[in-house]
Amino acid sequence: MPIYEYHCAKCGEEFEKLILGDTESISCPECQGTEVRKLMSACAFSVGSTFKSTASSSCGSCKPASTACSACSVKH
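When you line the sequence shown up against the numbering used here, it's residues 1 to 76, in that order.
In case anyone wonders, no lab produced these hints; they're calculated from the structure. Just so we're clear, the structure is a prediction, and the values are computed from it rather than from any experiment. Beta carbons: idealized from backbone N, C-alpha and C, even for Gly. It is possible that part of the hints are untrue.
Pairs of lysine to aspartate or glutamate, EDC-like flavour, derived with a Cα cap of 20 Å [what the hints assert, rightly or not]:
#1 LYS10 <-> GLU35
#2 LYS38 <-> ASP22
#3 LYS38 <-> GLU13
#4 LYS38 <-> GLU24
Simulated restraints, written as ranges between beta carbons of each label pair [said to hold, decoys possible]:
#5 LEU20 <-> SER41: 12 to 20 Å
#6 THR34 <-> PRO2: 17 to 25 Å
#7 GLY48 <-> HIS7: 32 to 40 Å
#8 GLY48 <-> SER27: 17 to 25 Å
#9 GLY48 <-> ALA9: 34 to 42 Å
#10 CYS11 <-> SER41: 18 to 26 Å
#11 GLY33 <-> PRO2: 16 to 24 Å
#12 GLY48 <-> ASP22: 19 to 27 Å
#13 CYS11 <-> MET40: 34 to 42 Å
#14 TYR4 <-> CYS31: 27 to 35 Å
#15 GLY48 <-> SER25: 16 to 24 Å
#16 ILE3 <-> GLU35: 32 to 40 Å
#17 GLY12 <-> GLY48: 36 to 44 Å
#18 GLY12 <-> SER41: 37 to 45 Å
Turn these sequences into a full structure, and let the hints steer you where they fit.
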């Protein structure tokens, strides 16, 4: 059962939801709005004591290469 990330068009809240079936209706936990959009999630995993991210280097909010991106936290 996957966990998806959503964005509410009504209030702007971003939230995660465990989906138990394909007929489940999704509503915002903040405002109960039903105009929600599924977001693309970046995957990450741990190898020993090292954290690896599969996020691409172009998340759309990235700053110059010398700083960490505030949106995706990846240092580019």
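Could you tell me which of the numbered hints above are not met by this structure, giving the numbers in increasing order? 8, 12, 13, 14, 15, 16, 18
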